[in-house]
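Please model the complete structure; the sequences and the hints are all you need to start from.
In the order they appear, the protein sequences are chains X and V. First residue of the first sequence: 1, per my numbering; consecutive thereafter. First residue of the second sequence: 468, per my numbering; consecutive thereafter.
Any given hint could be a false lead.
[Unchecked claim] Below, a list of computed lysine to aspartate or glutamate pairs in the DMTMM-like style, where the Cα atoms sit at most 25 Å apart:
{"#": "1", "chain 1": "X", "residue 1": "Lys189", "chain 2": "V", "residue 2": "Asp703"}
{"#": "2", "chain 1": "X", "residue 1": "Lys128", "chain 2": "X", "residue 2": "Glu219"}
{"#": "3", "chain 1": "X", "residue 1": "Lys189", "chain 2": "V", "residue 2": "Glu755"}
For the record, the hints were derived by calculation from the structure and aren't laboratory data. None of the values given here were measured: they were computed from a predicted structure.
The lines below spell out each chain.
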Amino acid sequence: MSEPEKKRKQPAERQRSVGRLRVERGLAAARLAARGGTRYAKNAPRLFRAAGEQRQQLRNDLALQTAEDVANTLGTMKGVLMKLGQMASYVDDGLNPQVRRTLSRLQDSVPPMSPQLAAQVIREELGKDPEQLFKEWDPEPIAAASIGQVHRAITEDGQAVAVKVQYPGIRETISADLNNVALIRGLLKAAAPNQDVGALIEELRERIREELDYQREAENQASFADYYDGHPTIRVPKVIAELSAQRVITSELATGVRFSEMLTWPQSEKNLAAETIYRYVFRSLYEARAFNGDPHPGNYLFEPGGQVTFLDYGLVKHFTPAELKPLETMVRTLCVDEDPEGFRAGMVAAGFLQPDAPVSTEQVIDQMSVFYDTVRRHGTQTMTSEYSSTVARRFFDFRSPIAPYANIPRSYVIVQRINLGLFSVLAEMHATGDWRALAEEIWPFFQAPPSTPMGEAEAAWKKARAQ
Amino acid sequence: MSEPLNTRLTPGTGTVAGFVERTAEAFAASIPESPADDGFFGPGSVTWRLTSDLSTPIAGLRSLIVQALHPLAMAGVDQHSDWRRDPVGRFAATSMYVVTVAYGDRPAAERAARVVRKIHEHVHGTDTVTGKPYRADDPDLLLWVHAVQVESTVRAARLFGTSVSGQDADAFVAEMTAAARLIGVPDGLAPATVAELDAYLAAVQPELLLTQAARDTAAFLLNPPGMDPELADLWDDLKEGVLASLPDWATDIYGFERRDVTAERRAEIRQVLGVFDALTLGEPGVLEARQRVELRVREARASQAPRE
Numbered sequence: 001m002s003e004p005e006k007k008r009k010q011p012a013e014r015q016r017s018v019g020r021l022r023v024e025r026g027l028a029a030a031r032l033a034a035r036g037g038t039r040y041a042k043n044a045p046r047l048f049r050a051a052g053e054q055r056q057q058l059r060n061d062l063a064l065q066t067a068e069d070v071a072n073t074l075g076t077m078k079g080v081l082m083k084l085g086q087m088a089s090y091v092d093d094g095l096n097p098q099v100r101r102t103l104s105r106l107q108d109s110v111p112p113m114s115p116q117l118a119a120q121v122i123r124e125e126l127g128k129d130p131e132q133l134f135k136e137w138d139p140e141p142i143a144a145a146s147i148g149q150v151h152r153a154i155t156e157d158g159q160a161v162a163v164k165v166q167y168p169g170i171r172e173t174i175s176a177d178l179n180n181v182a183l184i185r186g187l188l189k190a191a192a193p194n195q196d197v198g199a200l201i202e203e204l205r206e207r208i209r210e211e212l213d214y215q216r217e218a219e220n221q222a223s224f225a226d227y228y229d230g231h232p233t234i235r236v237p238k239v240i241a242e243l244s245a246q247r248v249i250t251s252e253l254a255t256g257v258r259f260s261e262m263l264t265w266p267q268s269e270k271n272l273a274a275e276t277i278y279r280y281v282f283r284s285l286y287e288a289r290a291f292n293g294d295p296h297p298g299n300y301l302f303e304p305g306g307q308v309t310f311l312d313y314g315l316v317k318h319f320t321p322a323e324l325k326p327l328e329t330m331v332r333t334l335c336v337d338e339d340p341e342g343f344r345a346g347m348v349a350a351g352f353l354q355p356d357a358p359v360s361t362e363q364v365i366d367q368m369s370v371f372y373d374t375v376r377r378h379g380t381q382t383m384t385s386e387y388s389s390t391v392a393r394r395f396f397d398f399r400s401p402i403a404p405y406a407n408i409p410r411s412y413v414i415v416q417r418i419n420l421g422l423f424s425v426l427a428e429m430h431a432t433g434d435w436r437a438l439a440e441e442i443w444p445f446f447q448a449p450p451s452t453p454m455g456e457a458e459a460a461w462k463k464a465r466a467q
Numbered sequence: 468m469s470e471p472l473n474t475r476l477t478p479g480t481g482t483v484a485g486f487v488e489r490t491a492e493a494f495a496a497s498i499p500e501s502p503a504d505d506g507f508f509g510p511g512s513v514t515w516r517l518t519s520d521l522s523t524p525i526a527g528l529r530s531l532i533v534q535a536l537h538p539l540a541m542a543g544v545d546q547h548s549d550w551r552r553d554p555v556g557r558f559a560a561t562s563m564y565v566v567t568v569a570y571g572d573r574p575a576a577e578r579a580a581r582v583v584r585k586i587h588e589h590v591h592g593t594d595t596v597t598g599k600p601y602r603a604d605d606p607d608l609l610l611w612v613h614a615v616q617v618e619s620t621v622r623a624a625r626l627f628g629t630s631v632s633g634q635d636a637d638a639f640v641a642e643m644t645a646a647a648r649l650i651g652v653p654d655g656l657a658p659a660t661v662a663e664l665d666a667y668l669a670a671v672q673p674e675l676l677l678t679q680a681a682r683d684t685a686a687f688l689l690n691p692p693g694m695d696p697e698l699a700d701l702w703d704d705l706k707e708g709v710l711a712s713l714p715d716w717a718t719d720i721y722g723f724e725r726r727d728v729t730a731e732r733r734a735e736i737r738q739v740l741g742v743f744d745a746l747t748l749g750e751p752g753v754l755e756a757r758q759r760v761e762l763r764v765r766e767a768r769a770s771q772a773p774r775e
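See the structure below:
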């Protein structure tokens with residue numbers, strides 16, 4: 001089992017790195033200060049243009065022209081398989097190669113809608129042609145959104161917006177295919193032979209159903225946007241409710257570069273972006289009691305200074321305080337109190353482990369602690385792909401001694417995507433940071449003072465919004 | 468595409484492992500990249516549409532099972548073909564031929580037909596069941612194989628694929644006379660309408676017979692040995708689709724139980740076909756091959772559409 005790389009620094013090296021850190025902190029703070037809160041409202045034409053420059057390569061020559069084309073392309077299980085593929089696309093282990101290849105090809109195989117078809121959906125949903133609804137409307141999509149596509153536009157009151165339009169008929173088609181549970185079960189079994197697929201099937205079905213409901217997505221996005229309003233580095237595009245409906249979501253147009261381009265940036269910039277992603281995931285979970293279950297590279301836009309825009313609220317899980325409490329207990333007992341029996345009791349209370357499981361507490365800790373490696377240790381650590389695939393393998397390992405007595409209760413299935421998605425994203429960024437220190441800031445039972453400049457800026461934001 | 472038939476197919480293993488891989492490979496290799504012409508049918512044809520239909524796996528299996536009921540056709544296959552050793556290779560070669568004739572340019576289609584006719588020259592003998600002599604290039608046998616394939620394509624598409632109107636079905640039967648001519652059916656012999664096709668199939672029935680070889684063939688196709696357990700589950704659904712699609716007379720000769728398929732089961736079988744289709748799409752070159760076809764279909768449509 002490999003562990004995240006832990007950097008123990010010698011005194012001389014430490015001094016140099018403290019010096020470098022100070023410079024980086026200075027730069028970051030300057031960038032944070034330079035950020036204005038009103039940038040979205042201004043300069044709509046520039047934003048509109050920039051979004052066009054970021055246009056994805058789409059096969060417009062093969063554009064879907066009718067709802068029947070949509071059904072032929074995404075019906076008969078293909079839409080369902082594609083969504084399954086997106087779920088599995090960042091889990092390299094435990095997936096058979098032919099299945100993985102098929103899933104990634106399926107995503108390539110979906111062309112955009114023709115301008116006429118997209119306009120027809122807008123007309124059906126909002127009652128008017130897009131050219132009448134918007135001051136400016138780009139009929140060619142700028143991005144694919146798996147079951148829809150994104151157009152850029154400028155509203156009548158001069159705001160640059162992204163308009164996500166759902167493929168017509170896709171809800172009906174996919175819903176019908178989702179009813180074939182036996183087939184989905186067989187496919188999942190084939191895709192990941194070692195896995196207990198029962199809970200995952202339910203997760204998959206519900207996840208896909210929710211993703212088809214743009215109204216729900218818009219509500220979730222609006223609540224995240226509201227929560228993070230004014231945050232120094234986390235951005236959530238605001239939803240324009242009057243231009244949104246069942247199959248259309250209109251929200252502020254965000255700028256920034258895609259994940260692959262960000263990966264070419266200097267490591268210090270990548271670390272800042274990673275810090276923002278980390279803060280976003282755990283602040284949302286512990287404070288907003290909501291988890292955006294899609295930590296996926298395609299859902300981020302990056303700007304220097306750790307500015308990250310979080311797109312796509314297709315799957316958001318809200319937790320009750322009672323559902324969240326056991327997760328807190330587990331992290332506290334394992335990482336802070338160092339109380340193995342308390343951790344085991346927490347797992348039992350949450351329903352992760354049977355009360356009378358004939359396994360030793362040592363075995364339980366041995367199996368579970370890998371999920372907490374990044375926050376059990378103090379100091380700077382780099383996320384590695386070895387670590388993220390160890391985590392994924394462990395997650396999919398149903399032959400471990402505790403497996404027969406372990407279970408993932410339905411309400412926590414989604415949170416496991418932290419283990420599968422977040423770590424893999426951070427590993428791709430080679431993200432280096434003191435994750436424990438960040439966690440201590442965020443853990444409700446710890447509430448440590450800021451550990452980084454971003455933390456300081458965040459504390460100021462929290463203070464301001466508390467007033 | 469200038470390669471002779473079969474050279475791009477990897478050697479068989481004697482089991483159905485690789486069914487998806489090898490039929491996909493055959494498909495991708497048979498769609499030309501820079502065709503010399505539109506072939507014998509062209510992008511606007513019903514043939515182009517039905518040859519890529521979701522239902523083609525059912526059409527293919529159904530064809531083989533029905534074709535096996537002609538004792539002389541069956542004897543030729545049984546005594547000369549290597550299908551028992553390499554059933555998947557045989558199936559892939561057949562679908563490669565069908566796809567090449569459908570989408571290939573004329574030189575490619577003619578070349579493929581020449582190769583098959585050359586092979587047919589060597590296939591002759593005496594059927595041990597009826598005691599009758601047979602020749603694979605006998606127009607009557609070629610016609611039988613042709614007619615069953617055409618009828619199976621329409622029937623499978625209607626049950627499990629895209630809708631086929633009466634007009635489309637007639638057009639398809641008429642288009643397919645070109646394929647019949649290529650393989651050696653004399654002009655005027657192949658049915659040119661659905662009515663002629665049905666009349667032919669009714670008239671030929673007294674010649675049909677359930678031989679042991681036919682029984683073995685059907686049993687093999689419906690329950691292939693050596694399949695991955697996951698694929699085996701999917702195959703069971705496919706099998707139900709094939710059985711439901713058989714003509715009543717073929718069901719009766721085989722002694723199968725006649726059964727209809729409910730709308731619900733039909734939808735589920737379509738979903739399984741969709742999974743096969745998706746798996747095929749995951750194979751190298753298949754998506755690109757389909758896009759080549761689609762772009763030509765669109766081009767043809769655009770050039771025919773009246774200018775606005």
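Now for the hints, and whether the structure bears them out:
1. A hinted pair counts as satisfied when its Cα atoms are at most 25 Å apart, and Lys189/X with Asp703/V qualifies at roughly 17 Å.
2. In summary, the hint linking Lys128/X to Glu219/X is supported, as the alpha carbons are separated by about 23 Å, within the 25 Å threshold.
3. For the proposed pair Lys189/X and Glu755/V, the alpha carbon gap of about 29 Å is over 25 Å, so the pair is violated.
Hint 3 from the list above is the single one not met by this structure.
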